[in-house]
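Asker: Sequence:
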Amino acid sequence: MKLDPFYLIVDSANWVERLVPLGVKLVQLRIKDQPEPVLREEIRRAKAACAAADCRLIVNDYWKLAIDEGCDFIHLGQEDLAAADLAAIGRAGLKLGLSTHDMAELETALAARPDYVAFGPVWPTVLEEMRWTPQGVERIANWRRRVGPMPLVAIGGITAERAPLVLENGADTAAVVTDITRNPDPEARTRQWLAATAPWRSVTERPHLGSLQ
Numbered sequence: 084m085k086l087d088p089f090y091l092i093v094d095s096a097n098w099v100e101r102l103v104p105l106g107v108k109l110v111q112l113r114i115k116d117q118p119e120p121v122l123r124e125e126i127r128r129a130k131a132a133c134a135a136a137d138c139r140l141i142v143n144d145y146w147k148l149a150i151d152e153g154c155d156f157i158h159l160g161q162e163d164l165a166a167a168d169l170a171a172i173g174r175a176g177l178k179l180g181l182s183t184h185d186m187a188e189l190e191t192a193l194a195a196r197p198d199y200v201a202f203g204p205v206w207p208t209v210l211e212e213m214r215w216t217p218q219g220v221e222r223i224a225n226w227r228r229r230v231g232p233m234p235l236v237a238i239g240g241i242t243a244e245r246a247p248l249v250l251e252n253g254a255d256t257a258a259v260v261t262d263i264t265r266n267p268d269p270e271a272r273t274r275q276w277l278a279a280t281a282p283w284r285s286v287t288e289r290p291h292l293g294s295l296q
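Just so you know, we're using our numbering here: the sequence shown kicks off at 84 and counts up by one.
Hints are computed from structural coordinates only; laboratory data are not their basis.
Just so you know, even glycine gets a beta-carbon here, dropped at the ideal spot from N, CA and C.
The reader is advised that the hints may include incorrect statements.
So the derived label-pair ranges between C-beta atoms look like this [claimed, not checked]:
1. Glu270 with Glu124: 23 to 33 Å
2. Ala131 with Glu270: 16 to 26 Å
3. Arg222 with Glu119: 36 to 46 Å
4. Pro282 with Asn225: 19 to 29 Å
5. Asn225 with Asp163: 16 to 26 Å
6. Ala171 with Pro282: 35 to 45 Å
7. Ala195 with Lys85: 13 to 23 Å
Derived pair list, reagent style BS3-like, types lysine-lysine, alpha-carbon separation capped at 25 Å [said to hold, decoys possible]:
8. Lys147 with Lys178
9. Lys115 with Lys147
10. Lys85 with Lys108
11. Lys85 with Lys178
12. Lys178 with Lys115
13. Lys108 with Lys147
14. Lys178 with Lys108
Working from the sequences, and respecting the hints, build out all of it.
Answerer: In structure tokens:
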């Protein structure tokens, strides 16, 4: 499986509908603390917008709803992973992404046989208070060796200017939240991200990647 080098993470279908048509090919819908009817409607809207733009949608956390709504991909944190029914996720054919922040979490993640692993925070992040110190771009290569051919996502404090650094150091994709959603011109910043990651998008396969799908 190959992931687009630009991985957008947003907290509403509004953002998906607004930014995906610009050329985004990989987006995570990450919504917290909403009632199920709201979550279901958000997923449906995001799924429709992604289908229209040939964009891969990844649903954060809500694996049961993702199954119900016929989604293709789920992302789980370590706490979510512990509570999830991996057998049900597998039976539904959902691909699985997992967050990792240290070696112990990486071993836990790899035991679950995910389709990709996320590594971070690479740099300090303002998105949420983290108990993990920034890993630094130089540690990406270590994670790269440990995950083997599995796609590796770098996350945490990544800007359009920093994205090439994580890609050059072994990440397959750079994830972003606030550098776009808190930018005065999110559309222009999205286009800057697309341009910054374009050299990696044109590469159909890297030596350490498995084949698509």
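Asker: For each hint, tell me whether it holds in the structure or not.
Answerer: Verification of the supplied hints:
no. : hint                           : result
1   : Glu270 with Glu124: 23 to 33 Å : holds, 24 Å
2   : Ala131 with Glu270: 16 to 26 Å : holds, 20 Å
3   : Arg222 with Glu119: 36 to 46 Å : holds, 38 Å
4   : Pro282 with Asn225: 19 to 29 Å : holds, 24 Å
5   : Asn225 with Asp163: 16 to 26 Å : holds, 25 Å
6   : Ala171 with Pro282: 35 to 45 Å : holds, 39 Å
7   : Ala195 with Lys85: 13 to 23 Å  : holds, 21 Å
8   : Lys147 with Lys178             : holds, 13 Å
9   : Lys115 with Lys147             : holds, 15 Å
10  : Lys85 with Lys108              : holds, 12 Å
11  : Lys85 with Lys178              : holds, 12 Å
12  : Lys178 with Lys115             : holds, 21 Å
13  : Lys108 with Lys147             : holds, 24 Å
14  : Lys178 with Lys108             : holds, 16 Å
Of the numbered hints given earlier, the model fails none.
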